[in-house]
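Colleague: Chains A and B, in that order, are what the protein sequence lines are. The opening position of the first sequence corresponds to residue 110 in our numbering, with each subsequent residue numbered one higher. The opening position of the second sequence corresponds to residue 2 in our numbering, with each subsequent residue numbered one higher.
Calculated from the structure, these hints are not laboratory results. Fair warning: this is a prediction, and the values are worked out from it, not measured in the lab. Treat the hints with care, since some could be wrong.
To be verified - Quick look at which bits of chain A chain B covers, simulated, 3 or more residues with Cβ under 8 Å:
#1 183-193
#2 211-221
#3 257-271
#4 275-287
#5 371-379
Built from N, CA and C at the ideal position, the CB exists for glycine as well.
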Amino acid sequence: MPTRNTSPVVRPGNPGRAAEGGTKERARHGAARRRGRSERLAPYVLIAPAVLIIVALRLYPLALGVNFSFTGDGDANGTAVGFANYLELLDDPLFQTALANVGLLVLLLPVAVAIPGLLATFIYLKVPGHRFFRSVYFFPAVLSPVIVGAIFNLMLAFDGPLNEFLGAVGLGPVDWLGDPGVAKFAVVGVQIWATFGMALVVFLAGFATLDSSLLDAARVDGASLRQSIWHVIIPSLSQTIQFVFVTTMIGMLTSMFGLLYVMTSGGPEGSTYLPEYYIWIQQGQMNRPALASAASTVLFLIMLVVGLLQISVLRRAGRED
Amino acid sequence: MKRTLCAGVVVLALTVAGCGSATSPASTPTGSAAAGTTKLVVWDWKSGEPYAASYIEKAKADFAKKHPNVTVEFVPQPFEQYYTLLGAAMQTKTGPDVMLFNGGGQIRDRADSLLPIDEYVAEDRSRLAGWEAFAKDGKTYAAPVTLQGHPIYYNKALYEKAGLAAPATTWDEFLANCDKIKKATGAACFALGNKEGIGPQFWLSGLGSGVLTPAEYDAWIAGQRDWKSPHVKKIFEMWKEAGDKGLNNEGANSTAMFTDIFSVFNTGKAAHIIGLMSDIGHWKDFGEFIGPDKVGVMLAPTVTQGATPSLAYDGGIGYAVAKWTKDPKAAADLVRSLTTTDALSSFSAEAGAIASDTTITAPQDAPAVGVIVFHLKTGKPALHVAMDSKTIDLMGRLSQKLLSGSATVDEAVEELAASDQEN
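Full structure from sequences and hints, please.
Modeller: Following this line, the structure appears as structure tokens:
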């Protein structure tokens, strides 16, 4: 905590002192003043590296990017076009799909949080083989999205093992990655599979702080498993759950590019586009860097809102503490 | 406290120095004419491949004879990231002096950053083919290295099993043949991978010459695309028909073009594939699996009267010169060295590409190449190469909708017409 008494106490010199003492006093006085100035400046100098790095490597490029989004592409390169890029984005059905998919991800968030939460609960309650599951569940979290995507490309191929299995049990094949209604859920499912290990670890850490006497008391009072989860575990873990919600949301919005790139390339019919994939296509394939900058700015604003929500949620959780 | 301040100043100084070096370009890739020696930087996605080694060596040797004081550095980039990296370099006007391009939309979209090289390559005009793919508004921006096209390959072994002697020349006959092959071998008519939406580009260019009249074809290439023409619509109707009648392999919309679909053809699960001429998905790849003598090449079956089927091809890849290069003459000479008959012969032989040089003879052990080279004389530019990249991207998504039934041909053609006219 900062205190108000950081400035050094400089005592005023006594004017009634002897002359020889007066020179010494002045010298001491001057040294103290210099010390005072250097101490006042020190904090600014010390935070200067961090500020400079943030300004030069973060804020300045950000401002450049936003500025760039108000210029044109191709022949209009470098000329100001006002909000034309943003209007084009609003008009582009592909970008609308990308934004709608962001909404879908937010809606699917409870599922993405509930799965690791439930599995962590089972591990905490020491179901048979819980040690094995604890390590196996974490395993996908160490794989890169590209490898995960490649594995599921094979698994979910039209003539792949999953459809063969469905055929063997008498169910028709599903075009997992070729049917727009199915593909987006397939990709989100794979994303959850690939990342829930990390959330599981966070939940297990949360369980470590859980007061086991509460659970014992509930058990003595005859609470069922469902009642224990609902009335004891969830309230005790509210902070952990909030944290997992926020981190999972950020993860879904910013780290699905690799999976999309490998699994669907934004298809079929553009149904699995997310803003970051859209940005990449416009910049790299369509040679529309200014339009991509506008899309980046929109994504930045979305992330800013998510970030501010995150801060408010964490702050509230902190207050409850 | 003085020590604190001093430490702070040192940290600050180090940070400023660090920022300075991080934000300034690490090196200047453009030719820096220092003390009489110049350096040319070349970006491509080929020079790192083992099969291109002797091609690059020969080109370098040829260039060294003309410009002994100029050093050349080839920087191979990953193809997936190539145009993203190039786009960033072009924005800052600090990029390579010479760079490789795919013909068509990719180079035309970036022509404003390139130097017209017509005056330098006049001598090579008649020897090389495929210039149009690198031209915009009457100016040429790159010299072709390979030719890329879309022949219709067929599996002769499957044809023999179905008792068919020769490929069809009309669409109805073609459909009847497919029916016979399906009954005799169980193979699908077309191997189609449309996960990325690339399928309709191959379809349009592979089959278009059998549907459009020569006048319509030439007008299309010249930019006068009549989307209201029933023949244009017919091409997309055929695409839908192939999907609806089960002519394609199953799961076309979720099968990747360059990784998965060629194996469908290679393993005899489909009788036809509209493939490529150079690089991948071509006669050499297929020949390794089904045997070089079993790879057949056919022209598009005739759909409408008056259409004259031809092989669709363009310049495939070619080297261009950046506008910002300090020594345009040397850069253009490097492009010329990269397209000598000697260098291209190496590339053709080792990469299995159809080189742009018309004086190179085709290898004797692959009959399919002979057929392709024979059809080059009457060939025409591919239909999709004349379109802009935005409309092509839209066509990819619409083609998936046509296969899944969530869009009609009329809707698709209307949307494409609007996009084509807008861009």
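Colleague: A separate judgement is required for each hint: does it hold in the structure or not?
Modeller: These are the hints, each one checked on the structure:
1. Counting residues of the region 183-193 of chain A whose beta carbon lies closer than 8 Å to any beta carbon of chain B gives 3, which reaches the threshold of three, so the coverage claim holds.
2. Counting residues of the region 211-221 of chain A whose beta-carbon sits less than 8 Å from any beta-carbon of chain B gives 0, not enough to reach three: the coverage restraint is violated.
3. Figure legend: the region 257-271 of chain A, annotated as covered by chain B; annotation consistent (5 residues with Cβ-Cβ distances under 8 Å, at least 3 required).
4. Counting residues of the region 275-287 of chain A whose beta-carbon sits less than 8 Å from any beta-carbon of chain B gives 5, enough to reach three: the coverage restraint holds.
5. Here's how the region 371-379 of chain A fares: 6 of its residues keep a CB closer than 8 Å to some CB of chain B, so the rule of at least three is met and the hint holds.
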